Structures are given as C-alpha cells and as structure tokens.
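Chemist: What follows is the residue order along each chain.
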Amino acid sequence: MANKHYAMVIDLNTCVGCNACMAACAMENQTPVWKNSWRTYVHDLEIDPGTDHQVRRRFFPRLCNHCDNPPCMSVCPTGATHKLDNGIVLVDDELCMGCRACSMACPYDARFDVSYNDVEQGKEFYGELHHRTRPGVDKCSFCAHRVMKGLKPACVETCVGSARLFGDLNDPDDKVAKLVKTGVAKPLMAHLGTRPNVYYISEIERAR
Amino acid sequence: MEGMFYSTQNVWTWWIAIYLFLGGLGAAAVVVSCLTNMYIKTHKELVLWGNISAFVMLSVGSLFLFVHLLDHLAVIHVLNPFGLLTKPDAWIMWGTQFIVWMMVFSMIYTLPYMLETPFWRDMPLVGTILGWFGWLGKLSLSFHKVVGWLAIINGVGTVLYTGLLLQSFPAVALWHNPGVPLLFIISAFSTAMAFLLLVLHLAIKREEDHDIKVLYERTDVILISIELLIIFVFFHFTTYGLESARHTADILWNDMGWIVGFIGFGLIVPFLIEFRGVTKGWNSATPVVLAAILVLCGGYLLRHYFMYAGSYERPYPAINSIHSQSNYNLLIE
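Respectively, the protein sequence lines represent chains V and F.
Mind the numbering: the first sequence is residues 1 to 208 in my numbering, read in order.
Mind the numbering: the second sequence is residues 1 to 333 in my numbering, read in order.
Read the hints as simulated data drawn from the structure, not as lab findings.
Remember, it's a predicted structure, so these values are computed and weren't measured experimentally.
Any given hint might turn out to be false.
Said to hold, decoys possible - If the Cβ cut is set under 7 Å, some of the chain F residues that face chain V in the computed set are:
1) Asn10
2) Trp12
3) Thr13
4) Glu45
5) Val67
6) Leu79
7) Phe82
8) Thr86
9) Lys87
10) Glu116
11) Ala171
12) Tyr316
Claimed, not checked - Dumping the calculated SDA-like pairs for lysine to any residue here, alpha-carbon to alpha-carbon at most 25 Å:
13) V/Lys83 <-> F/Phe5
14) V/Lys186 <-> F/Phe5
15) V/Lys123 <-> F/Pro81
16) V/Lys186 <-> F/Val11
17) V/Lys35 <-> F/Pro81
18) V/Lys35 <-> F/Asn10
19) V/Lys83 <-> F/Phe82
20) V/Lys35 <-> F/Phe82
21) V/Lys83 <-> F/Trp14
22) V/Lys35 <-> F/Ile129
Just so you know, even glycine gets a beta-carbon here, dropped at the ideal spot from N, CA and C.
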C-alpha cells in the first residue's frame, strides 16, 4: 500500500475571514501569539478594484506548504527540519539551534522565531500544559500529532466555511486529490521548484 | 507584478555581513599567505600576520553568528564533524567544519614560526600555551606542506561557503544564482590581497618584499576588474530579470551607498590607484595603502548591501519575524 501524501486545499471563495483557524491553531500548538507570530495566518487583502472602482476584499489563509522539495530542510545544518514519509515537514525543537537559515530559505514566510523569552512567556500564557522547552524556529506541522490519531488539523476542523480541506493525494477517491488532479486547485509559486502541498482555489478558477 | 507583495528581511543583516566578510577575508588570507610561503618566497612574518589575523577574524565572525542563535546550546550539533554524514546538503554544516578545521590547520602550520619568535614565546599565557605544544610544532615542521595544504583546502572551502550559503535560498533572485559564489570568491581574494598589502607596507616593512607587493597589487587589479564585470552582470540580471530582482534593482541602484560607496570608492577608485601603481609606480606607499583600505571597506559594503537588498515576492504581505515592515512599506510606496 502506498504511503499517504498529505496535502491541503484552501478555497479562497469560501474563506470568510473569521480567523477561527488562527485561534484553533494557536491553542492547539501554543504559538507565541503575544508577538503576532502564527503558524497559520489569514491575510485581509484589498484587491484590484478594476474599472468599477469597487474595492474587493480577499481573505488569504497561509501556512507552511509542506513542500516535497523543501528548501528549509536542505539548508538546516542540524537536521532539525525533517520530512516524514507522509509528506509532513516537521521541526525537532531539541535539534534546532535557531540559526534561521530555514526562515531565509522559505518562500512562503511560514516560519517564526521562538526566543528564550517566548518559552518563559509561554509557560505563563498556556499554563502547566505548555510543552515547548527550547527556543528555536517554529512553523505549521499540519497538526501531525492529530493526523497520526486519524484526526484533521485543528484549522481544518474548525473552519466554518469549509474553506480548508485536508486529504491524501495518493488516494484517488479523496476530494483533495481530485481537486488537485483536475487543476482547479493550484500551488503557490510553483516556479521555485519547491513542489508545495498546499493548493489554492482562486475566484477565477471557481468562475470557470 | 500586480497583486504581489515584496519584502526584504531584517534578521540576517549587518552582523551576518560581518560574518561573511571576515570569513571570506580571513580564509583567503590563509590561502594566500600559505601559498606564498610554500611556492613563492619563504616568509615567516607574512604567515604569522596572515594566519593569526585570520584566526582572530574567523573567531570574531563566528562569535557574531553564535550570539544571534536562538538556542546557543544546540550549536554542538554543527560542531560535530560526523554531522556531515547526516546533513551533507546543508552549507552551514560544511561551512562550520571548513572554518573550524581551517583555523586548526592554519594555526598548526603557524606554530613552528610562533615557537621561534620571541614576541609570542614571551607573551604571558600565550607563551605558556606555546610551551605545551612544542612537540606539535616539531611535528608540524616535519609535515609542513601537508599541513599547509590542509589549511588551504579548508580555506578555499570557507571562501566558497560564504557564497553558497546565500545561493541556497531559492526565494530571493539576488541570492539564488551562480553569480553570488563567484562574486564572493573574487571579493574575498581581493580583500585578502588588500589586507596582506597593508601588512607588508605597515607592519613588516621590508625592502626585499617588493616583488611580493607588486605580485599582490597586480593580482588585486585583475580581481577588482573581474569583480566589476560580475557587478555589471548583476546590474543586467536585476534590472531586466524577474520581478523580485527588479525590486532589488530599485533598492540597489537608487542607493548612493551602493553606487558611490561600494562601486565608486570600493572598486573603481582602488582599481585606478592600483592600476597606476602597476603600470607607472608610486613614489610612496600611501596610495597603495589607501587603495587597500578602500578595497576592505568595499568588501564589507558588498555583503552589507547583498543582505539588505534580497527581495522576497509573495501573493500576501510578510508578517513573520524575519521581515521588516518598514522595508515592506518602503517598497510598496
């Protein structure tokens, strides 16, 4: 049986910008929200008003793209950034020395610093459940700890507009695999050769 | 491109520029002084000055990198040479090993000269430590060329690493191209020539070194002219290339520090001074010393501007910690 190959599809037409995904992720993964650092972030963009001069808004969720050819992994000198057989890219906090080469390499702005101060502040903010003990660089893990239990990532489970879909690209019956295969859902900046596993359905694609 | 956002980063800034500058300069100085000593003219003072200065430069540069780590204890993972077996694709891993072993072998190469120099032998603490390693100095002399070549190989690796480190970041057009390692190699050897010329003119001051000075000046003129050509290639690449490269061009080619400071006073002026020196000669050492100082300043400015001008392109604005909101605002204005 082939390994699973996890991917996410985000439908930009159905994201309502409620930011519930950000809150769910922050609570699940205990991110340093006090300094505006998030594993997933929903951008509120004003897009080209066009000829009718009506300003349009687009909510644009973004996260680590769990690339098949991750530049953050190849530059990581300690091996802290590694890729699982199921495609999920993880950071081992115990190995990461926080040189931030991965942050420099990531085309998606997916990574952020966790300092000594953040570790201490995390203990106050998240209480006795706080699990992070070392500083380093952090990013989305596709909630690997949940996925391994058969659950969906926290952001997917909480999404009220069902804008986020999570699935297995190796399963031809999976909705995510179908959306990717038809080309309706497309990756970001594929020209960089990173082979990302987060795909987006844009307004134009939907209209077609 | 419409609908895209451009940002520079504000984490790997002046301190990594110093790291890259001192790393390239120090490693190239080791390579040049060892090669000069082995194949051109036996020169104890040049090796002492070149290799000990390089040791200090690499120590200071590495300290800058270490201080900026988020988890200082975890540095042990890159100091372990067996890490190369698990992370052969990471240039920081290679770079750390090249730097460490270059420092080790260059000091072992220099040790016999330190042991026979009263200045070092009589120095408090250093003299004591030298006394402990007398046996290593004798051993080094027996295999002096082998040790020298080990220092040279690791030195070349260090110089190469300073360029390949930036090249391994695919999101930034300014960095992710084969021109960067070439530019940094040429610049490192040019600054090393300049530094060793300063040493020969201001510290060693021996008449019989005239031939080495002329050789270094000639080599530096060639290196600066190649550097100017590579900078022109970068001008073309950024001005007519990808959109993110054009944003880099907007930053660089509208900045007087880059145009006048680096290209003008860091390359063209020292080129003209040294060219005049090798064709017609100077009556005093002052112009050559001035040119060497300008080359060293230019070497730092090159790396400084390269760190600040690398532009990321995304369909959303940057929010995470490596990006500078002020730079982003500047770019979209």
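Chemist: Look at each hint and say if it fits the structure.
Modeler: Hint by hint, here is what the structure shows:
no.	hint	verdict
1	Asn10	violated (11 Å)
2	Trp12	holds (6 Å)
3	Thr13	violated (11 Å)
4	Glu45	violated (37 Å)
5	Val67	violated (12 Å)
6	Leu79	violated (10 Å)
7	Phe82	violated (12 Å)
8	Thr86	holds (5 Å)
9	Lys87	holds (5 Å)
10	Glu116	violated (39 Å)
11	Ala171	holds (4 Å)
12	Tyr316	holds (4 Å)
13	V/Lys83 <-> F/Phe5	violated (29 Å)
14	V/Lys186 <-> F/Phe5	holds (19 Å)
15	V/Lys123 <-> F/Pro81	violated (35 Å)
16	V/Lys186 <-> F/Val11	violated (31 Å)
17	V/Lys35 <-> F/Pro81	violated (36 Å)
18	V/Lys35 <-> F/Asn10	holds (16 Å)
19	V/Lys83 <-> F/Phe82	holds (21 Å)
20	V/Lys35 <-> F/Phe82	violated (37 Å)
21	V/Lys83 <-> F/Trp14	violated (32 Å)
22	V/Lys35 <-> F/Ile129	violated (48 Å)
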